[in-house]
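Asks: The lines below spell out each chain.
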Amino acid sequence: MSETRLLFRNIDEPGLAALATYRRLGGYTAIAKAFKEMAPDEVLEQLESSGLRGRGGAGFSMGKKASFLPRGDMDKYLCCNADESEPGAFKDRELVQKNPHQLIEGLIIAARAAGANRCFIYIRGEYDLQGDILDAAVAEAYEAGYLGADVLGSGEQVELVVHRGAGAYICGEETALLDSLEGKRGNPRLKPPFPAVQGLYGGPTLINNVETLSNVPHIVASGADWFKGFGTEQSPGTKVVSVSGDVRRPGNYEVELGIPTRDLIEGLAGGALEGHQIKGFFPGGSSSPVLTGEEGLDIPYSFEAMAEAGSMLGSGSIIVFDETTNVVELALRTARFYHHESCGKCTPCREGTNWTVKMLERMIRGEATPIDLETVASVQTNIIGNCLCVLGDSMAMPVGSMVQKFRPEFDEAIERGVPGVETGGPVRPIEASIAA
Amino acid sequence: MSPRPIRNAVTLVVDGREVVAPEGTMLVDAAKGGDVEIPVFCYDPKLGQPVGACRMCLVEIEGIPKLQTACSTPVRDGMVVYTQTDHVKEAQNAVVEFLLVNHPLDCPVCDKGGECPLQDIAMGWGPGRSRFTDPKRHFQKPLDLSPLIAIDRERCILCYRCVRFSQEVAEDEQLQLLERGDKSFVGTFDDRPYIAPFHGNITELCPVGALTSYTYRFKARPWDIEDAGSVCTLCPSQCNVTFTVRDEHVLRVLARDNTAVDDGWLCDKGRFAFQMFNSADRITRPMVRAGDGSLSPVSWDDALAMISKRVRASGARSAALLGGGASNEEGWLAQRIVRTAGGSSVDSSPSPVDSELLAELSRPELSARVEDLDYAGAILVIGTDPLHEMPILDLRIRKAVRRGGAQLMVASERPTALDGGAAAESARYGPGEATAFLRALAGGLGADGYERADGHEAKHAAGIAKVLNSVPDPVIVWGERLWRSPGAVEALRDCARAIGMHNRIGPGLLEVPEEANGRGLREVGCLPAAGPGFGPATAGRDAAAIREGLASHELDTLLLIGADPVRTHPDGDGWRRALAGSFVVAASMFDDESTRYANVVLPAESHAEKEGTVTHPEGRLQRLRPNVPHPEGVRPVWWALSEVLTGVGGEAGFGTPEDVFAAVCAEVPFYGATAYEEIGGQGLRWQERDPGASWKPGDGGGGGIAGDADSPIAPSGSEEAAAAAYASPSTPPPPTADGQDGLVLGTYRDLWATDVTKRNPALRFLMPKQKLEVAAKDAEELELANGDEVTVSVNGSSVEARVAVRERMRPGAAFLIEGTDEANANVLTNGTPQRIQVVKR
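Chains as they are written, first to last, in my numbering: chain F, 47 to 482; chain P, 2 to 842.
Where hints are given, some of them may not hold.
Residues from chain F that face chain P, not an exhaustive set, calculated with beta carbons under 8 angstroms [as the list claims (entries may be wrong)]:
| hint | residue |
| --- | --- |
| 1 | Leu-236 |
| 2 | Lys-391 |
| 3 | Pro-394 |
| 4 | Gly-398 |
| 5 | Cys-433 |
If you are wondering where the hints come from, they were derived from the structure by calculation, not from laboratory data.
C-beta atoms are modelled at their ideal positions from N, C-alpha and C, and glycine is treated no differently.
Based on the provided sequences and hints, a complete structural model is requested.
Replies: What follows is the structure, given as structure tokens:
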């Protein structure tokens, strides 16, 4: 079992983050092709026909999304979402840290395809080192004439600003990202209008993930048909998968979409730790419904197969847990994360995450009743599909799936609690007034 | 700008009923047409674009798998919507249950109980029970959000309405949502009090009991109270209000949404200035001043007989000055009394108004409606700061800019509240130099007889002219104070002509009068040189000339109806002297600065007690309805005036205010034969139907007792003085006595510098202290800093003030507030710009 490296082709080359090294290894040739040999529409057409799907979580066709931007002479924006904050996801970090120019090249080409002239990379604030690397790379790209008022003498303008987030998970939601970039409180916006029509500063805006954009130079350089030679029909290309949790070799692996999940977890990541068994895993980050080891390992790792199995590929981040993990505690940890990160704008997410945490804490303390388990399940159902953005669902889907698939463990917790788990005391202290 | 809506109707089906609604209507509004109510918390179209935050309005739409928020889904032809399926009901139950997770359910002690959307929706669309058994979120409560509003953060359901009001309607941007998730709460930066002139609106917007006003807290339950509609006459906005009445006392003032007038908002003055209705300080019976200066009560009969006798005897030496919220009926009767007695001096404005020009500007096609602002391509605000003079207009202009896309330009002496944020362009001219600016503007617009001028103002004027000439439907909002700059209003008229406002519907002029019913009073004849309907009348004295006439004893009797010239008119000390030597009759709610000089004091009604009509600045006749009884002893002013009119030999027999209104209509041709009932609850704009619609100046009207038109006319003192002191409007006033080239003084009205603020305990903290506003450059030259205590003098008169260095000031100008309780700037003014001496104390 081996990787299929496109984005990671030269990932371990020393000094790849420098423009000279990147260029020596063939970088910035796609941009020359896109600007000198191709009209913007041809670039867009390449991206559309490549079938490249967004790597940030939703898996929407990247080319189609770019085609939604109106044509015409106006300021248009491209935002690269590098606010990678989903528990379990760390692929963008490596892509930015080790190969920033691949991202920048892809971003400039995508800007040409979408007609965008003002670009931003919104990078997670905690990615300090990566932000510095990106700053340096952007400066180099300006210096080399890939960015600026006249990209490669084409007369086209592409400006790029690196913006660092301030530590809110919600700002990875594309419309909250826009509000945050505008200097506002990072809250999701109501859609429609979609960003393609009315996004940053009210202008047409294309928002893409780091990995999505990093694919772009390869597609332009080698063509859509070449790209479609990888992966499955509905999930073409490769995917950088972050594997973490109870495995022997956690890390990022680039594989063709559609390979058996077992090859990733047991092959590349080395499988369960010595003497342990895989109990289950999140196939697409902490917001995806969990799969048990038995049902999940043989499912092909593709957007469509994961959806069919009732879960999702999401950002492509696998978190594995073995039999030492108590699923009620896992549910609480998951719920606490989303409770902490809920922006509070819409009712079901704000109140539902809070309520779920309180109920799970009681279960762990052994203070819950069987009715509470019904309520936990029902609250998750009441959240799903009723929120302003997907954050509420991101808690409700995995927690709901845990209750459904590991019910005996919850029943057990209701009987005796889960000893050794910190929940903040038998009765949650009344939160002191923040404004007192 | 947004185009005037011409929207096609679309047909959709809601719960099996066919509904027709204009394209683009939000589903939640369209559903009402099919008698289907979709519950909402965060949605209110007045707050701008929907935010879809509360999730209460989820509905099922055929062809869309997920539930959609009806508040943000525009209707489309053929849409099929379900609001009562199991799927929808589950979502509604879920949202109500979620909302109640952290809500204390303390309805029995909550002021909102009984008129609470959360109660209603929980009852109508909720599951009826909650499965939540954990501890709820706690906050300290109640906290002062402001001195007027308490916030209970436990009751808050985080619907965003108050925050959006602050951010997107009032644009004071003080309210924020702090923290996040279920720890979110509404507050201000650093817990500072939310002090802003419109902040009371959030108590009405709040769908729960989280924001309550201290003035109404624990005062009544919905089943104790009655609602009564009327009009607030504390300023020219004339907002439509609902008084909450319990046991014949007003306990609360709420907005009564009238898009044509107020868009459903109230300023804090209109909202909280009801405490004065029940004040123990009110004058409740007629009183006569004895020789020793003391006032003693007399019977109504004696008081009215004394007034009638005096006015009859005084004849041509009698005069009347009206102001404040005096109704059309009161105004008409007062001018009738003076003119019947043989006098001719009646005025209702502190500024010298030229009746002929005013009549011309009152032509229907020239006048803009408040609603025209919503569709204006550009708005020029000149010579007024709406926030202080007609507050609700400030919000309307902000809406036009934010939501209609209008270009806003401000030209004024003093920086306005609209400068900086909303206004794309601000031009400053010197105090009293509006004429030069308007002439430059007329020149820029290519008006006949004007030249394109040079210089700083001219450049600004040219820029503004370019915009006015290039956008569709510009509206000019102008302050009545422009009359104080000789020639300014003529130039304004010529600007309007040059834009073509005379012959187009849409663009127009909207005047901000100085008095609450300024427009109505002038239309019913309270003008020195025109009778009712701008008809002919023997020319008399204007306000300034009345003051001079009283001082020189050419006049000897003055009726003050709602007017307090000592406080509000230029030359306050001059008024004191003028009133002290004359026979003064004052009708007033309170002992104010002018009643102190009155020989006969009559109690006046509050606007909650009064019956009659007023005329909004856009020409809308509005009815005041008596909602609470008069305090014992108080009788209607219209009735008292009607008795005096009979006493001086005028017509008798007005039995009701309606009779007086009929008499008014008979003499004001453009009011036509308007029946009282026709005015209704929303008012009736006289320009919108005949005979008003086709009225033009010279179409008659008048008092029918116009005396000898050739009689010698006393020249208008203030205008003559202005002409002398200020021969060319762009010439700065002469240096002060000691030769110092001092700053030129301008004065302005402050929203809160009024007797009303003093009479309402809740508002007292807003009463401004006198401050001297100067530009940074001048402050530096004069070595003044913010907060310095100074004495400001003009020709020996002086007031004390604190220095406030302001942005966007024109160097060389300085401003003081008119009408303050202490150190009133009007003792320094005489209607023309003055240079001041500033000495640090």
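Asks: Taking the hints in turn, state whether each one holds.
Replies: These are the hints, each one checked on the structure:
1. Leu-236: At 4 angstroms from the nearest chain P Cβ, Leu-236/F passes the 8 angstroms test, so the hint holds.
2. Lys-391: holds, 5 angstroms
3. Pro-394: holds, 5 angstroms
4. Gly-398: Where the cut-off is 8 angstroms and the nearest Cβ of chain P is about 6 angstroms from Gly-398/F, the hint holds.
5. Cys-433: holds, 7 angstroms
Figure legend: structure checked against the earlier numbered hints; every hint is met.
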